[in-house]
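**Q** Residue numbers (my numbering), protein chains in the order written: chain A, 1 to 257; chain B, 258 to 486.
FYI, nobody ran anything at the bench for these hints, they're computed from the structure.
Hints may contain errors.
[Claimed, not checked] Simulated crosslink set (BS3-like; lysine-lysine; CA at most 30 Å straight-line):
#, chain 1, residue 1, chain 2, residue 2
1, A, K220, B, K381
2, B, K354, B, K420
3, B, K420, A, K81
4, A, K190, B, K286
5, A, K79, B, K329
6, A, K81, B, K475
7, B, K381, B, K286
8, B, K420, A, K6
9, B, K286, A, K189
[Unchecked claim] Residues on chain A that point at chain B, a partial pick, calculated with CB under 10 Å:
#, residue
10, Y13
11, V125
12, K129
Where is the CB? At the ideal position from N, CA and C, for every residue including glycine.
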Amino acid sequence: MQWVKKMLKLMKYEFRKQAFSKLIILILVGLIEILFFFGVVTDNEEMIAVAMGFLAIFTGGALFFLAFESILTYSNDLKQKSSYMLFLTPNTSYSIVGAKVLSAGLQIILAGIVFFVIFAINGGVLIVKYDAIAEVKKMILQLADQFFQLKIRFTDIASVVGQVIISWISTITVAFFSITLSTTFLANKKFKGMVSFIIFIVLNVLYNKITDLILGDVTKYSANVSTYFIGNSIILLAAIILTYMGTAWMLDKKVSV
Amino acid sequence: MILQCNDLVKKYINKTAVNGINFDAEKGKIYALLGPNGSGKTTLMKIIAGLVKPTSGTLTYKGNPIGVESKKRVAYMSTEPFFYNFMSVEDVGKYYKDFFEDFDVKRYEELIERMELGMKDKTKTLSSGLAAKLKIAATLARKAELYMLDEPLNGIDIIAREKIINTILESAREDSSMLISSHLVDELEKIIDNAVFIKNGSVVLYGDAEELRASHGKSIVELYKEIYA
C-alpha cells in the first residue's frame, strides 16, 4: 500500500507540472463551445459549422499535444536542474517512470473521454434541433449497412479503442526509452534531441518489422479484425514492458542528472 | 563510518571530474569540502546524493550502496536553484512532506519565517538570495542523518551569512553529519571538525581540522591558499 501511495504522490506532481497546458486547453474548448451554442441559439448554421470544424481540428491537436507534453516533461526532467526535485526523492526509478507512464496514459484516456462527451453533446443538440441531421445520420448508417455490409460489433469498437490507447502509451514509453538511451552517452549535449529522435524512429521501424513478421499482412484478418488488433496489442504491450523496464534500468544504473 | 568512498571515479567524455577519491565520513561531525571551481566537490556530492553515477569505484552509505534507503536519510542541497517553477514556498514544504518521512513541517515554517520568506511567494520570482535561503530551509527542515550543503552561502549577503551559519549549526546533531562545500573558507573554518581538500578530482589533504592546523602550523584558510594558489 505504501508503494501505491508513493506512486499516487508522484502522479499528483506529474499532473501539476502539466496543469497549465490543461487549463489552456479547457479555456479554448470552452470558447469553441460558447461559439457553438451561440450558433445554435441564434440559428446561425455557419457559426455552428465553424465551431464544429474548430473543435475537430482542436481535438486532434490537443490529444497529440498531451502525448507530446508528457515526452517533453520527461526530457526536461533529465536536463533541467528541477530534475533534482524528482531524483532526490526516495523512489525507485521504476516508480518514477511508472508514475510518468500511468499519468500520461490517464491523461490521454481522460482527454479522449472529455472530447467524446463534448462531441456527443454537440451531436445530440444538433440532432434534436435539426431533423435533417437525424435523417442524414440514419441515411449514412443505412448506406453503410447496404453497400459495405458493415456489421459493427462492440468487440471491434472496444479493440480499436484499446489499440489506440495502447499505441499512444507505447509511443510514450518508446520515446522515454530513446531519450534515456541518448542521455546515457550524450548527457546534455546539444544534438541529444536529434539522436533521441533517430533512436525513436529506428525503434518504431523495428517494431513494424516485428509486427509484420509475427502477424503477417493485415488483409488476412478482414473477416475478424479483432484478432489482428488483439495480436497487435499484445506486441505493443510487450514493447511497453520492455521499453519501460529498459528506461527504469538505465535511469537507475547509467543516467546522471 | 556512515559514508565510505573507495577509489571513486567519474569520467565524462572530455574530462575526469572525480579521480580516485577515497573518503570516509563519521557520525556527528562537520566536514568541509574545499577546493576551487571545477575541483570535483559538486560531482562528489552529487554522486553521494545518487544524482550522478560513478564510472568506477565503490560508495556505500551505512554499508549499503546509494539508493532509495540512503535518499531517505541524506539531505542534499545543490548549489543551483532546483525547485519547480510552478511551486510556491508553501508547495515546496508540501512536496518535501509528501516524499521525506524526516521532514518537519513546523521546523520548515520556523525557518521560512527566519529567512524572511513568505509561504505564498512563488519560487520562480524569488531573488537568488531568497532562493538560496529557501533551499537551506527545505534541506535543514529534514531530520536527516547526513546533510550535504553545496555552497550554502552562495548568493547570501554578508549580513545574512551569520544567520545561515547559525541555522546550519543548529541543525548539526550528535547523530547526524554534515558535508559542506564553500569557497568562503574563513566562514567555514570556525565551524568544521574535518577538512577535505580536493584538487583536480583527487583528495590532496584530509584530516581533523585541529590536527591539520597543529601539524602544519597553519590555519585552514592558510592551507587553502598554499594548496590552490
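**Q** Determine for every hint whether it applies to the structure shown.
**A** These are the hints, each one checked on the structure:
{"no.": "1", "hint": "A/K220 / B/K381", "in the structure": "violated, 57 Å"}
{"no.": "2", "hint": "B/K354 / B/K420", "in the structure": "holds, 24 Å"}
{"no.": "3", "hint": "B/K420 / A/K81", "in the structure": "holds, 26 Å"}
{"no.": "4", "hint": "A/K190 / B/K286", "in the structure": "violated, 41 Å"}
{"no.": "5", "hint": "A/K79 / B/K329", "in the structure": "holds, 23 Å"}
{"no.": "6", "hint": "A/K81 / B/K475", "in the structure": "violated, 38 Å"}
{"no.": "7", "hint": "B/K381 / B/K286", "in the structure": "violated, 34 Å"}
{"no.": "8", "hint": "B/K420 / A/K6", "in the structure": "violated, 35 Å"}
{"no.": "9", "hint": "B/K286 / A/K189", "in the structure": "violated, 39 Å"}
{"no.": "10", "hint": "Y13", "in the structure": "holds, 7 Å"}
{"no.": "11", "hint": "V125", "in the structure": "violated, 36 Å"}
{"no.": "12", "hint": "K129", "in the structure": "violated, 42 Å"}
Of the hints listed earlier, those the structure fails to meet are numbers 1, 4, 6, 7, 8, 9, 11, 12, in rising order.
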